[in-house]
Amino acid sequence: MNPGRLNPLAAFVLGIVFCTSSVLAAMDSPAVAEFKKFLSNPPMVESIVFSQRQHPDPQKPSRLDLPLSSSQVFRYYEGRFQQDTFLLRELRDKDAISDLKTTGLLAADDGVAGWFYYGPNSGNKIIEFGTGITNKARRSAYVTSYNLR
Amino acid sequence: MLGIMRSMPGSLEWNGNKFRVTRSDPDLSASGNLEFDEKGFVDSLRVTYRLGSGEVHWKIRYAYDDDNTAPMPSRIRCFLLQNNAEFEIADFNVHQLRLSSHAMGQDALRPDNIIAVNQWQMLLHTNGAVYLTTKEGTLQKLEVSQRALPPDEGRNHRAKMPSGIYAAWAGTNLSIFILAWRVRANKSLNQQTKDENL
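Line by line, the protein sequences give chains U and R.
Using this note's numbering, the first residue of the first sequence is number 1, and each one after it goes up by one.
Using this note's numbering, the first residue of the second sequence is number 1, and each one after it goes up by one.
By construction, these hints were calculated from the structure, which means they are not laboratory data.
We put the beta carbon where it would ideally sit given N, CA and C, even for glycine.
One thing to keep in mind: the hints can contain errors.
To be verified - One-sided excerpt, in silico: chain U residues whose CB lies under 7 Å from chain R:
| hint | residue |
| --- | --- |
| 1 | V32 |
| 2 | L39 |
| 3 | S40 |
| 4 | M44 |
| 5 | R53 |
| 6 | S70 |
| 7 | V73 |
| 8 | L87 |
| 9 | W115 |
| 10 | F129 |
Turn these sequences into a full structure, and let the hints steer you where they fit.
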C-alpha cells in the first residue's frame, strides 16, 4: 500500500464516521420521535384507562408537607379522544369499562356541544353547554379538564 | 397531554428537544425541554409555566412497563420544583391504551347512553342562561348568567358612573356658584352702604 495515500484515506474515513455520528446524535430515537409526535399531533385514542393517586389529605390537597406517595387511594378514569373531541368519565375501578354507571366526574365534547357532570354532589344533574367553542363556560370546562385529557 | 397542564391537546411545538405550548389558558404560557435515558426513552420533561404572578417550574417524570414495547409511558408523575426541593403533585398510571387508525363516529363521544343509564337530569347552559330540561322535553329557565363587561366599557369609567353621581357633582357646582354670587352681591351691597355713609 502506498503510505502517501494513507493519510487522505484515513481523513476521509474519519470524516465519514464524524458526520455519521453527528447526524445520528441529532436524530431522535424511535421512542423519542413517537413521544414528540404524540404531544404535537395526538393520535385517535379509542380507549385509555388510567388512575390518579389522591392526595393523602383530601380536605387540603394543596398541602406540600405530606408526600403524595403515602396515599393509597386512587380514582380511575376511562377516556376517548380524537381531534377537538373527547369523552372522559370516572370508573368504579379499572375493570369497570362496560359499566355505564358513573359515580364520579364526566366531561365530554363532541365538537358541537359539551357536557360536564361534577359528581354525586351535583344533585344528579349534568350540564350541557351550548354550541360553539366560543361559549366561555364550555371553553373553560374544556381547558380545566386538562388533567383528564 | 402527558402531564402538561392547562394546555390544548396537540399544541406543542418542538425545536429539537425544546418545546413551547402554542395554545393554552389565556393567562399562561408554557415551555420546556425533554430529556431521555440511555435506552432512548423519554425520561422527563422540564416545564416552565409563566403566569402574571411569575414563573413556576415543574418536572414530569415518565416510567415504562418492562414488557411494554410501545414507546408511550405507563406512569406519569408531576413534581413542583420550589426552593431547591421537589414536591410530587400528581401521579397517573396508564392501565390500558388502545389507539385507533380510523375516526370514531360522533356517537362514540356523546354521553347519551351514560346519561340515560345514570338517569341524570339535564341542565342546558346556552345564550347566557341556564335551563332545566323537563321530562316533557321543554326548557325551563333557571338563572341568567352575569353579563361580562366588554373590555372598552371596563376602561371607560365614565360609562359605568351612575346618574346620581352626575347629579351630586352638578349640584355641588351649582351651590358653589350661588355661594360665590351671594358673597359678591353682599360685598357690592356693603360697598354701596359705605359710599352712602361717606
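Here is what the structure says about each hint:
Below 7 Å, beta-carbon pairs count as interface contacts, and U/V32 has one with chain R at about 5 Å; its hint therefore holds. Taken as an interface hint, U/L39 checks out: its beta carbon lies about 4 Å from the nearest beta carbon of chain R, inside 7 Å. A distance limit of 7 Å between C-beta atoms decides the matter here; for U/S40 the minimum to chain R is near 5 Å, and the interface restraint holds. Hint status for U/M44 relative to chain R: holds, with the closest Cβ pair at about 4 Å, below 7 Å.
Nearest Cβ of chain R to the Cβ of U/R53: about 4 Å, under the 7 Å cut. The hint holds. For U/S70, the interface hint is violated, since its Cβ never comes within 7 Å of a Cβ in chain R; the closest pair sits about 10 Å apart. For U/V73, the shortest C-beta to C-beta distance to chain R is roughly 11 Å, which exceeds 7 Å, and the interface hint is violated. For U/L87, the interface hint holds, the least distance from its beta-carbon to any beta-carbon of chain R being 5 Å, beneath 7 Å.
Proximity of U/W115 to chain R holds as hinted, the smallest CB-CB distance being about 5 Å (cut-off 7 Å). Taking 7 Å as the C-beta contact cut-off toward chain R, the hint placing U/F129 at the interface holds, the least distance being around 5 Å.
Checked against the numbered hints above, the structure violates hints 6, 7; every other hint is satisfied.
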